[in-house]
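Chain by chain, the residues:
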Amino acid sequence: MLASYLTMAAILFCIGLYGALVKRNAVIVLLSIELMLNAVNLNLVAFSKYGALPSLNGQIFALFTIAVAAAEAAVGVAVLIALFRARGTIKTDEFDELRR
Amino acid sequence: MAYSESAWLIPLFPLAAFLLLTAWGRAFRSGAPIVGAAGSLGSFVLSILVMAEGVDYRDRVDWIKIDGLSLSLGYEVTHLTSLMLVVVSLVSLLVCVYSAGYMKNDERITVFYGYVSLFVFSMLGLVLSDNMLMLYLFWELVGVCSFLLVGFWYHKPEAKAAAKKAFIVTRIGDAGLLLAVLLLFWYMPNHALDFAGIQNVFHGQSGAVDAGITTLIALLVFMGAVGKSGQFPLHVWLPDAMEGPTPISALIHAATMVAAGVFLIARTFVLFEASPAAMDTVAYVGAFTALFAATIALAQHDIKRILAYSTISQLGYMMLALGVGSMTGAIFHLMTHAFFKALLFLAAGSIIHAVHKQDIRELGGLGGRMRVTAVLFGVGALALSGIPPFSGFWSKDAILTAALDRNPVLFVAGLLGALLTALYMARLYFRVFAGKPSAAAESAREAPKAMLVPMLVLAVLAAGAGFADTPWNEWLSRWLLGDESASHAGGSPTVMIVSAAVSLLGLYIGWLAYVKKTVRPSSLKETMPGVSKLLERGYKIDDLFAAVIVKPYRLLGTGARLFDRYVVDGLVRATAGATAGLGRMTASLQNGQVQTYGIAAVLGLVVIIVVMAGRRFWS
Amino acid sequence: MFDIEFNGEFAAFFVFAVLMIAGAVLMVSFTKVVHMVLSMAAVFLGVAGMFVLLEAEFLAFVQVLIYAGAVSILMIFGIMMTHHGDATSETIKPLKETLAAVGAIALFGLLFYAIRDAEFEGMDGGAPTQNADNTQAIGELLFHNYVLPFELVSVLLTVAFIGAIALAKKEA
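Chains as they are written, first to last, in the working numbering: chain A, 1 to 100; chain B, 1 to 619; chain C, 1 to 172.
Be aware that a few hints might be false.
[Stated by the list, open to error] To list a few chain A residues with every Cβ distance to chain B over 10 Å, as calculated:
#1 Ala52
#2 Leu53
#3 Arg99
[As the list claims (entries may be wrong)] One side of the interface only, derived from the structure: several residues of chain B facing chain A at Cβ under 10 Å:
#4 Ala196
#5 Gln199
#6 Gln590
#7 Asn591
#8 Gln593
#9 Val594
#10 Gln595
#11 Ile599
#12 Gly604
#13 Ile608
None of these hints come from the bench; they were simulated from the model.
The model shown is predicted, which means the values in this text are computed figures rather than measured ones.
Think of the CB as a built atom: it goes at the ideal place given N, C-alpha and C, for glycine as much as any other residue.
All chains, please: the whole structure from these sequences, using the hints.
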């Protein structure tokens, strides 16, 4: 049963990775990152129940992850809003100041 | 013994003159003729002393010594070489004096004398060489000097083209000579290349070297001579070489360089004696060239070109003499030809210097205003036509006698050539000096003393040098061969009378045609226009070469150029383009977008994991 | 590896799994941004369901509250405030998408292989807590063992929201 949960988390993680690398709207990129973090949480909680030594540590860890993810999402959106105000666009491929 | 030992100094006088003139540069205009003439004078004096001494001497110094191989540079004084030294240095001395007048107003006169001195040095070195390699070295150097001097007035495109043509055509012959040297090197015991060694090995057909190889070597040597002496088919450069200054034509293309071919064969005569096939080739090529060039000379209009074709024809006579076994006859004719041909060229130069015209159709009646030139030219013409008692008669007689002994066909060819020679010389003389004074004759005046004195000296020699070897007193033949065996005892009066008669007949026909105008040459031209056109263009040999050789080579060159541009260069450019393209491609990776970098990171991560985890399976 | 018994737990797992995967796939394939956020919400709910299956009820509750509630709304706010109006044109860049897909699939392959290869002996799942009340257990753990991280996280959250306000406010 553990393997199923882990596989599930892996699927979510990879879909989130794909979304983070491909999407042109920066907000959607942030959303994909949230998806990846969710996959990680799933992993942690699965191990908390099915691991070698079942305990609540996994769930506590997941709790903290959720908190940090929320903070990060907030700051990220704030940055995007500031960027939008400065640039007028949030398309990721238009932020290429570091071009060669 | 003393003078022969210092014979190595003889080429060094003109070399010193060359170095001096080159170092002093163009500013030294007034002194240039003096330096040039001094060089030749020094050589001439020492050559006379060496010849008077009459002792054979040889010395050499080792040049390259590698394991089992030794090349040397040396000089050899024999009667043959000392005679040639005298002839060469005398003619160059006279030409140097003459040029002081002829080239007086040329601003590159210093360069001119420098080149002339270099040439004299090369020619004297060639004559003195004691081995084939050194001879080849000087042979090439002589060719270079000819190139420099023919193209002296390099502002004229014709002169440039003529210089290139002279060098390239003689180069073809030189390739043959080089092959001969290499073959000799291969087959001679100890890889010796000196003439004494060649004499020893090939003398009397001792069989040390295979007969086929001997013939091959002899033919290759002859090929070298064909190039330098302007025999058919490598004769095409000589008429064009008349673009150079007239003193040069006299020095190089009459008396000395073109005689180098004859001298070469005389030096290696033992090879030809050992190979009858080669001798016959030499004889027939010589006879053919003599006739061939004489017919062309009949239809030429430029004084110098007539004389050039005459030179080719006379060299053919010398080759004919060598081919029938008379080395002495050839050298005798070489000597007399040097004198009278140089005289003719210098006289022609005096005409050109006075009226600045060279086409005989524009000249006429110059005899009135230029008496001395006319007389001297006449002496040269008579000598060339073989009228007794001038020198040309005696030397031509020696050749014809030897030819009759060997092969009557060649004798008849020689007679026919003599007729044509007299005819074209008469045509030339009467057209230029006799008749009504033309427009050019108005401005004609006699040449300055600097030009007349050398001509006078040459005229005396042209008249009198023949007595060195008459059939009753074969002093020269005996002296050259070094023994008392005379090539033809007594000599037959028939040959003398017949050859004299033929020459006089030629002169008479010429007189009829161009003075009395009984026989009209223009009517001849009308009846046979094709033939006269052909003769005028030298049987279109130049066009033949252009179509058969030059055009394919040009195509080859164009093909090579295109190959170089599109294939070789294309390859290089393609490589460069590929590298640049690769660079551009990888540069597009740096587009400043984070997601691109993220993709790169993920792919890199995958690769690393595969490599690290996969090590289990590969080891 | 995949030795599974077909019981109720598995059926529930299957349902939630379908929900999550469908939501995730739809998220990356929708064109309109708001649709994407909605499918993400579905994913979050599916994850919450999974948490319940894993006897992490408190976490499931927090998940719904925070993710399906706050984060989704936050994203919608973000979208609304950075909206162009005509910015719906998505030019396709096949190379980038292909490479990203290749990378993601390769990574998934590696992970799947690792999971398959691992030996999960004796991991049949015991109860994570002796206490049946998950929330109480978490609370006790949080304030006894993990009180320091708890405080730090609260500082982090404070800093984060101050920073967000500072970043996003209009220049006066």
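Going down the list of hints, with the structure as the test:
1. Ala52: holds (22 Å)
2. Leu53: Label holds. Min Cβ-Cβ 26 Å, cutoff 10 Å.
3. Arg99: violated (4 Å)
4. Ala196: violated (79 Å)
5. Gln199: violated (81 Å)
6. Gln590: Glutamine 590 of chain B check passes; min Cβ-Cβ to chain A is 4 Å, inside 10 Å.
7. Asn591: Where the cut-off is 10 Å and the nearest Cβ of chain A is about 6 Å from asparagine 591 of chain B, the hint holds.
8. Gln593: It holds, given that the least Cβ distance between glutamine 593 of chain B and chain A is near 5 Å, below 10 Å.
9. Val594: Valine 594 of chain B check passes; min Cβ-Cβ to chain A is 7 Å, inside 10 Å.
10. Gln595: Constraint on glutamine 595 of chain B satisfied, holds at 5 Å.
11. Ile599: Because about 5 Å separates isoleucine 599 of chain B from the closest Cβ in chain A, which is inside the 10 Å limit, the hint holds.
12. Gly604: Check failed: Cβ of glycine 604 of chain B comes no nearer than 13 Å to chain A, outside 10 Å.
13. Ile608: The hint is violated - isoleucine 608 of chain B has no Cβ within 10 Å of chain A, the shortest such distance being about 16 Å.
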